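Those protein sequences? They're chains A and B, same order as listed. First residue of the first sequence? That's 1 in the working numbering, and the numbers climb one at a time after it. First residue of the second sequence? That's 1001 in the working numbering, and the numbers climb one at a time after it.
Any given hint could be a false lead.
One-sided and incomplete, this derived list gives chain A residues near chain B with beta-carbon spacing under 8 Å [stated by the list, open to error]:
hint, residue
1, L10
2, G100
3, F174
4, A255
5, I338
6, G344
7, G378
8, F379
9, E401
10, E405
11, L433
Derived by calculation from the structure, the hints in this document are not laboratory data. From a predicted model like this one, the values you see are computed outputs, not experimental measurements. From the three backbone atoms N, C-alpha and C, an ideal C-beta is built for every residue, glycine too.
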Amino acid sequence: MKRGNIIANLDWFTVLLFILMIFLGWLNIFSAIYNESHPSILDFNQKYGKQFLWILAAIVMAVAILLIDHRFFEFFGYFIYAVAIITLLAVLIVGKEINGSKSWFVMGGFQIQPSEFAKPAVALALAKYLSTFNINIQKVRTFVKVGVIIFLPALLILLQPDTGSALVFFAFVFPVYREGFSGMILVTMFTLALLFILVLLFNELLLLLIILVIGFAAYWLLARNFRNMMIAFLIFAGFFIVSYGTLYLFGQNSAFYAATLIALAFSLASFLVMAYIYRIRKIGMLILAVTIVVFYTFAVDYSFEHFLSDYQQRRVNIMLGIQSDPLGAGYNVNQSMIAIGSGGFAGKGFLQGTQTKLDFVPEQSTDFIFCTVGEEWGFIGTFFVILLFLTFFIRLIQLAERQKENFARIYGYGIISVIFIHFFINIAMTIGLFPVVGIPLPFFSYGGSSLWAFTIMLFIFLRLDAGRME
Amino acid sequence: MINQYSQRKYIIGGLILLTGLILILRLFYLQVINSTYKLSAENNSKREVIQYPARGLMYDRNGVLLVSNQAAYDVMLTPGQLSRFDTLSFCKLLGISVNDVATGIKKARDYSRFAPTVFMKQVSGEVASVLQEQLYKFPGFFVQTRTLRKYPKNIAAHLMGYVGEVDKNLIEKNPYYQMGDYIGISGIEKNYEEILRGEKGKKNFLVDVHSRITGSYQDGRFDEPARIGTDINLTIDAGLQEYGELLMKDFTGSIVAIEPTTGEVLCLVTTPSYPPDLLVGRGLSQNFNTLSGDSLKPLFNRALAASYPPGSTFKIINALIGLQEKVISPSTEFGCQMGYSFRGQFLGCHSHRSPLDLREAIQHSCNSYFVNSFRKIMEDPKFEATHDAYNNWRNHLLSFGLGNSMNSDLSGELKGFIPKDDYYNRYYGVGRWNFLTIRSLAIGQGELGVTPLQMANITAAIANKGYFMTPHVVKSIKGSDTINHRFTEKHIIAIDTAHFTVAIDGMDLAVNGGAGSTAGRAKIEGIIVCGKTGTAENPHGEDHSIFIAFAPRENPKIAIAVYIENGGFGGTWAAPLASLMIEEYLTGEVKRKYLEDYIFNAVIK
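Taking the hints into account, I'd like the entire structure generated from these sequences.
Below, the structure is given as structure tokens:
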């Protein structure tokens, strides 16, 4: 294989987009933390100077990857994945705790965040597994294995704890869907997400009753049997009256919630028995679905209270409008929206932002870098950046679809999804559409680890693409 | 094979475009349609106001206030927040010209656009309060309260040092300081800077477009309260210091007094001096220039940084070394015929009876006696060569704290000079010098350099009969039980206590021995003062008058060294002056008005 082939076959359009993004990112970092006494963008004591070094290193990495044989990545897919898992375990033991999360290796003055590099590793392993010859994608075994590949690192990252980084692993649902898993997977995830929000917005009793009504209605729609539905309803009502009465006798006043739960448990059990005896079809799945949904609502409620830290709970609550506290946990979002909003249509101009520079916006060079774009370049700037990303994604989908090898295509979708979810969550959180979870904007945010991880991901794919003809 | 699910690419691509569209719509709403955020940003400017803590106060050893604070108001400017304002009424208010405003703004801009700079220093409280009320008219300006030093007693300028603005170099080295901050530049203000200054705090305010404070930024979450400076109690006795400065007002020289058992400096007078309130506030730099241009060098702290030959006071040290090295005994006698002559070299002496023993030799300050004993020290058969004996002798001197900085808590101490044998080796060649070459060291002349502080310390060591405590001026720091441990460690001198008693006998005689005593003018009724005169040869003019003394003889409370430049013989001016100081300190008042008048009417060439 000659180097000339790579240069000829490399998708230079994507490379151009990549260079444009890191350059814009660098300019905005410079502006976000511009320091009068260090006016040079190449001052290496400042973050903007450092970012320049990270960019140079990223470009070196990109070139190095292009020089590697494209079969390497498929061959070593699992190995790279194993290394990533081991580093994630190691960081839990010897990592350094920064801001309450044990997510960093610190060597001298240098810090590296292994969770960033787990993302390309998962994309490789997933692509390798799903492209195995003769794999039956509909089998439960396959489904479970895919789940393990994706969520094992997510779980380890959750232990750090770094909820935001763990969350992005859900992105791998897209390549899995693309490869033929039932469309239900997307529908189900969407439903669960919707329920999650509903659970937090409304009280459980109301939700429970809504689920029941939907359940009965669904039965009626499925079975077209009004009589059976009425019988089922009466059974439930009977159980409810009995359990409410019993609780009342034991001194528990207005125990609607408990009574509903008990009645539901008994009636679901009896429905199941009746369905078996009377051989009523289709009802099995329905009862199962209702049971799962009920459990899920409890699980959400429970895990919200127990797994999310106070500040995360508050951030979710604020995003949902349950809690309003502009100077408290909502402060970041509020300030970030002010910064972006104050940019107006045309922006305040390069280095002219006041909100980001005067420390109103926290983390203005990392997670909130988009604020600088919004404040200084206005709607024109934000529109352009989003357009840039969308073009980038569409181009990558085109590249993915032109692959002959399944491995390359699946990998392509894997990284598209990961970069996309970062893009979406990051920007959404700066404009108040998503809770603040602290993940970087790809290619824009300050930081070596994330820049390198995204560069590596992208260039592995470009290398695979360049080798597609071989 | 055509992938059967390939149409799903449209769903995924569509989802991506859809979310992109959602983001764009939301941004369009935030940035173009909705204007509340723009307003918020305008009303949402942060101002960081530094909270300057009051500097710690200084008291003397009896609790008399020496240094306190007064409020001062600086007009500050943040160029980034500047917008059109009524320049004329602004100028009228501050009493400056439009040109001043323009240069001030330019200067601030050159420094930083976002960091506040001092626009005008120390405006009066009246102006400050009027300006405070009208700040809304002058966006970008605000008033910053600071504290300046105030000196209720206006004494001890050199000792306390002064406070001035930090310079650029220091700001770069130490990020704690910012433009316009004050820092201790000399004296205790410098050495105890970190204790006295406290810790700056800051308050973050939200201000609106009109520069009005609308509230606390984030409920003060990022505020840091200022920590007030810590008060210091000095070892100085304000009364004694003031009296010393009064006595010295017409002399050039210094007085250092130490409490022997503790090493506490009781007074540190250096003249000519200046009133400390000259170096405060706006007049500082101009007054400083005047003072530093003065030919009398009033900024020079002679007590610490002037080095003189010790003169005859040094005979006591040589006596002690001779006794310790067993080359002489208290009863050793040497004759003296108006001087010492050897191999054609002659060193004169004044007239006194002959021969004298050691005690009498100190009393009469006989040159011949001490050249003879110095010869014995240098030609001590214990040592192979003169330079070995010399090094041994030199080590004794070092143990008295000579030839080195005392490592006190005063800034600007000079080391003094006790030559190494190399010095003579280089000058005369190895083995080509002997006691005769360096005989003037016997009587404290020649190459020796000793500061008044070191001299006072030697006196304290003699009073203590063999040890000293490192001299220091800080007695206690508020809130702390201890002072630096280096001030509580005894420095033991390797000379037996019995020898000190002999030397003290001589010093007693020198003051109280009647006829022929060199320091009779230091005598005080009812108090046994032990002292020794000295005269430092001065190639530039009249000799310097030196006197060291301690009192009372038993349980000494004060050891003192007095230097009067061009004062001639030590017994003439320095001895009576030291005597007055001792009387003042031990009895609290001076009864010998005639002696005071004698000093006040002194005429010195």
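Hints violated by the structure (listed by number, smallest first)
1, 2, 4, 10
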